[in-house]
Structure formats: structure tokens, C-alpha cells
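Q: Here's the letter readout for the chains.
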Amino acid sequence: MASFTGNILTDLLNMQLEVVKKAADAAGEVLPANLTNSITTMLGDLAGTVVTTLSNTGSSFTGFANVGSISDDAQSSKNFPFNFLANMQGLGNVTQMVGNVASLYDTWKKLYSSWMGAMGRVPAAMADMVSNGSVVVGAVNNLTTMAQTYFKLSEMLAPLVKMTENTGITAEMLQKYLNVEEYNKIIAQAFNFPTEETMKQFTDQVNMLASYLGNVGQIAGTNVGELTQMSAKALTAFTQGNVDEAAKIYVDMIDSIQKPVNPITNMIFFGRDRVAIELLQEMLKAYVLFAAQYSKMQQMIFGVGKDAIANMTGYILLQAKEGKAPRTFDEFFQIFIGASEKAFDTLFNKEEYAKLQGELAVSGARVKEHTDRFIELMLSELPIATRSELDEAYQSIHFLKTQVRRLERKLAEQEERIEALSGSTAASSKKTAAKDENGTASTAKTSKKPSSKKVTAKN
Amino acid sequence: MAEAATQNGVAGSGVEKRYIPFLDPAQFMKDMTEMSNKIVRGLQVLKEISDDDIAVGVTPREKVLDVDGGKIKLYHYPNPNVTCKVPLLLNFAVVNKEYILDLQEDKSFVRKMMEAGLDIYTIDWGYPTRADRYREVGDYVDYLDTCVDYIRKVSGQDKINLLGICQGGTAALIYSALFPEKIRNLITVVMPFEFHLPQNLFFKWGKYLDPDPIADAMGTISGEAMNAGFLMVKPMQRLQKFHAFINMMDNKQKVANFLRMERWLFDSPGQPGEAYREYTKRVFQGNELSENKLTINGRHVNLNNITMPVLSIYAAHDHLVPPECAKPVYDKIPSKDKHIVEFPGGHVGVFMSGTSQKYVAPAVSNWILERSQV
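So the sequences go chain by chain: L and S. Sequential numbering of the first sequence, starting at 1, is according to our numbering. Sequential numbering of the second sequence, starting at 460, is according to our numbering.
Next up, chain L with everything else stripped away, as it sits in the complex (with noise of 0.2 angstroms):
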């Protein structure tokens, strides 16, 4: 009798292991035991890696209910080859599956979306005053974190204007308190970047992953000290922000598990469940990459400090010698707005820029695009359409409507050739007088109205 842990990861791939076991031993054979248990902990971990990976980046999943047991013969008679949605017992717990990967979804879609998609909000505060209606309150909404780079920014001031209060201020003090960093924590804002602290979840994340694929790295052939010395100097990599390196190494080591060289790896995944595996390896490669990019994106943003500063700082200094210094915060404002325009001009229009822009947008397409394939495969089995069938009926449907639209207007073009044809002499004579400039005859010109002000075309 299979046990159950109410994970349905850890449960289906302890199912896997059962009928691997069983394949082992209808030939004849029998697992070492030290191989089982090896076998049994890279499962785990696997699936371990699964739930961590989920929870770590927002998402709620806490295993599923249990499910209940089935019998080894049961299993062994059903799945062989695996089929764990056919022994769900009830659509509730496949729902939370997909529900729990689009949890992950939906947190890389506010990493996305926050790099410049979420571009302003007005305080929760301020949007919970207005009741009166949806578009208020999504307008509204839209000005918050607005709002707070607003305040941030008089923040920034204080001190420089308590200077000014008690002593006037320096050059000097202009330059240390007009600083890279609290500017950079109004530009977080106004990005919407995400915290420290989730930046270092991700951190935590992709190195709690590299810890698991250097268990089943174990099994797959490759060295557990290296993995663990790559899951290191990875980490290392990151946090010294050179994140590209912190990436290849990351999907170097998702990577070592498809391509295992161990053949009893090959024996634990085969078949559907094997492809799941990969769409799931695919996945979390996608995000390492989106997510490894993201913080270069910000790393170049929060580069501008400098140069925003400099741009402020040179032009305050400048405006001082001839009398002009801001005086009030209106002013300083606009000062501010024209040093930031002008820095994020000058990296804007870098090429390292535009190109990391363009991998960012196309690895956020990755991201998408392995989610919507690792969902559909767990869907694929319930009686419901997945969506690239709907895909197909789209294109399908937009096809024939295509036809059946150009065949309508050339079936219209064809009568109103005949009705002019079988016009009488004058009403040819009249057509003749029509002819444009360029001596194109004109068409559909016609006195019948469309007997109702609602008309549909046909197309």
C-alpha cells in the first residue's frame, strides 16, 4: 500500500518510484538499496524543490489534501505508464495544482509588470476615500506610488533644508545629501521595484533550487561537490550582482538533470511524466533567466543615481553662481524631474540598454510560455479544452472568416458589375461621368440605404 503525504508531487513521484520498483522487479532484479534510497531522496527533493520554489515566490501552495490510498496493485496496474491525473479523485485538487503554478505566474507577471508596467498608484489610503465608483478608484489608484515618490522626495530634502535652517548649506553638503542612495529609493518607487527583501527571497530561492538539483544531480551522474561548489560561487556571483554568471550557472545546473548519465534516471522518467518533469525544468529555468535579467535591469536603472546626482548637483551649483539656486520646493522639483530625464535619456538610448530590454521582454515571453505548456499538460486529461486547442479552433475560425469575408465582397463586387451592366444607356452615361481623376472608374455608388440604422456585415 502507497502512502500518502498529501503533496501530490512528492505523492506522484513516490508512486513513480513504486512502479519503477515493480518494473525492477518483474525483470528480475533488484534495486540496491542504497540506489532505492538515493532514488527515493532525489524525488523528494524534487518535489521539495517544487512546493520551496512556489512558496518562495509568493505562492500559498501547501501540498494537497490527501487523496486517499489505492492499492499497489491498483498503481502498478494504472500507472504504468504514469498517469497520476487518472487516479486524482476529484477535480478540486488538480484545480489547486494548476491554481498554485498560476500563483507562480502571477508573481513573475508583478515582476514584470513592476520593472515599468505599474508606473504610478496614489496611496492605499487615498484610493480607499474614493467609493463612488470603479474608474475612480482605478484611476486614482494608478497615482500611488506616485504618491509616495512624491513624499520620498521632500524626505530627501529634509535634511539639506535643516542645514540650511541652521547653517546654510556647502557645495559639499549638496553633493553628500542629495545621494545615490536615497535617490535610489525614490526611483524604486517610482519603478515599483520590489523590495530587499524579496530580491533576497529570489536569492534564497535559487539557491534552495541549486541545493535540491545537487541532490538529484547525485543521482544523475554529477558530482555533488561541484554542484554544491556551483551553487556556491553562484550565490557568490549574485550577491556581487553579477548576475549573468549567477544565471548560467543556475541553468547550467537545472540543465545537469536533463541530461542524466546515469540510465536509472532515464528508468524513473519516462513517458508523460518525464515531459512534465521537463516542462517543469523549463519553467524554473525561464524564471532564473527572467528573474537574473530583471536585476540587471535594475542594477542599470539604479546606475543613473550617479549621473541623475551629478546632472543635479552641477546644475543647482551652476544656477547658484548666477543668483539662481532653487529657493523653493516647486522649484527644486523641476530641477530634479530635468537631471532624472536627462540621465535615463543617456541609458535609454545605450545599446546595452535596448538589448537587455528586448532579452528581458522575450525571456518574460519564455516564462509564459513554459507555464501555459506545464499547465495545459496537467489539464490534459480532464475534459476540458486546453488552449492551444482553443488556438487551433482560433485560427481555424479566422481563417474561414477570412474566406467567407472575401468571398462575400467579391460575390458584391460581381452584382454591382451586373447591375451596371444591366443598367440602362443613361444610367452608363452617369457612370461614365463619375470616373475620379485618375480615370478609375467608381464603384458602389448606389442610391438603396440600409433598411435599418443596425446592420451587421457579415464577416
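Hints should not be assumed to be uniformly reliable.
Stated by the list, open to error - Okay, the calculated bits of chain S under chain L, using three or more residues with CB under 8 angstroms as the criterion:
1. 582 to 596
2. 657 to 667
3. 670 to 681
Note that these hints are calculated values from the structure, not bench results. Given the structure is predicted, the values throughout are model-derived calculations rather than measurements. Just so it is clear, CB atoms sit at the ideal spot from N, CA and C, and this is done for glycine as well.
Given the structure of chain L, go ahead and fit chain S onto it with the hints provided.
A: Okay, now just chain S, sitting in the frame of chain L:
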């Protein structure tokens, strides 16, 4: 005190310690207090504002045609004062909503042109869903053609006037090149046309944009994503806008105007993946329209067919469609009655600003009226 210190600037330790005038503490406190007060008053104003206060599309109109199963709609603005028998079709960008041209009572391009005696139609391109992901640029040309034919039929005019704005201008130009026999006068406003602009930011970014994986994965590119790209060009502009908003927060009328614009800005329909892929690769990256190489539905979009009168308006301070992107159309079309006009403002200001209402709408109307005598 700071000013006095400046005059008595001191030097020490080899570093000049010259006190400079900077924010006046008293003024700063006053500014901050005033800002807080404005926000408090503004919150009260926001609390009083309802969706009705920021309703858009103020001029009555009626739907006259459903296209593609009703996903796309053609509207007509009934006008008892029509003096021009040749109708005008307004074609806005697919990625924005057309009601910006009739946003509010005192800012309605549509109303101004109706007052001038024009008979106006407009297309609502709807909100493409994933089911529409396979729509191509050619489909949009077909839909536009369906609308044009309807108007021609109803009005009894062989040719109608076509005014396209932004991406809708590009579509209008493409359409006019394909069906010159159906267009009497062509007007383009802030129309992107020339894309091989090495110094232009969008061109630089576009070089590295691969539309294939994006279209494949997304199906329909969300309006949010498209918007994000546009906003990213001037990231600090949003902050500046909020600064202005705080200064008007205690004025209900101004807040309502602001929110109407916000509503429009973020009410962005998506773009079908195939159309996005095709437009990005061929019109944007390939510059095929400007180079007179574009084919749609198997037909050459021949710019030499643009022989009808053309009025092209671009905005001097347009960062989305900068002058160098819009202006070259003038030299690429053979029309003998062509005019290109610079508007001293930005991309949206050209049809939304007070100047626009006062000068642009009447001027465009007059230009059309002069060329629409039947």
C-alpha cells in the same frame, strides 16, 4: 541666512566652503504645509467624485454597423447642421479608445468639427481577446474597408474623407494607397511613418525586440504591456504629472478632467499577436511602408496612389511620434495638394488641448470643407 552666508563665503582646508542659497526653510515648510492641505482637501474632492462625473464620450452617437460579429463597431454622430455632403470617418489607433476625440463637453474634437458642418463617423475597434489573436494587418484593412463601403453606400458618395490619428493614421494611409478610389481627402494626425531613425529611442529599442516569442506566448499583446512601453520612454513624466495633480487636487473640475484623461490613458485595448508581429516586423523594423515595399493581403501598398489631397499634422514636442517620424510622408507621396502642418505641442495635445479645440479642429474642418464641394 543662507543668502547672507553666500555673500560671506569662506574658504578653509583647501576646499572652498561657499554657502549657497538653497531651499528657503520657511518657504519649504510653507510649501509642504500647503501641499498637505491640498491633499486633505483633494481627498474630500475625490470622495465626492463618481464615475458619472468622469463620463466620457459626451456627444450622442448611434451604432450603425457591427463588424466581425459586433466586436468592432461603426458609430455615426447625428448632426442636424451638416453642410458637407462628403462624410468624414475618424480612424483612431487600435491600441487606444476613440472617445478621446469626444472626451468632455469643452474638449471635443468631434463636436468642434460637427459645429463646422461635418458629417462624422468613427470606429470603435473594441477590445481584442485571445480569440482574435490571428487577426492580421490585412484583416484590419478589410474591416476599415467594410466601414468605408457602408458610409459610401449610406451617403451616396463615391468617396469619403478619412482622418487617421497616430497608428490609425498609418492605417488610413495604407488604406488610401490600396483604395484611392474611395478616399476624397486624407488627413493624418501624429502619424508614425518613417521608422529608420537611428537617433530615435523607439528605433533603438525596436532593433532588439523580437516579436515572435512575444506574439507566440502572449497571443494578444495586452494594452497594459503596450502602455508600459510608451510610458517607459519618459519615466519621470508620470512623477511630474502627479506633481501637477497635487496642485489641482482641491478643484473638483480639474480633478475630474485629470481623471478622465487617466481613464483614457489606461483604457488600452490589446493588440492581436499576428497583427503585432506583422506591424513590428514589416512596418516598424522593416520600414516597408516608408520604403514603398509594403504588401497587404497580397497587394502592394503603393504610396504613388496617394494622389488625393492630403493634410498631415505632426506635433513639435511629440516624444512618441517625433517630427522626424511623421514628416517624411510629405516627400513620399505624389499628391499635388498636400500640406504638412506643425502643431506646437505634444502627441495628445494635438487633438485634446485648448489650442487644438480653438485652432486645430476648425482649421482641419475648413481644409476638408474647401475640398469637399459636391
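Q: Give a verdict on every hint.
A: Checked hints:
Beta-carbon proximity to chain L at under 8 angstroms applies to 6 residues in the region 582 to 596 of chain S; the threshold of 3 is reached and the given coverage holds. Beta-carbon proximity to chain L at under 8 angstroms applies to 5 residues in the region 657 to 667 of chain S; the threshold of 3 is reached and the given coverage holds. Restraint check on the region 670 to 681 of chain S versus chain L: 6 residues with Cβ-Cβ distances below 8 angstroms, three needed, restraint holds.
When each numbered hint is compared with the structure, no violation occurs for any of them.
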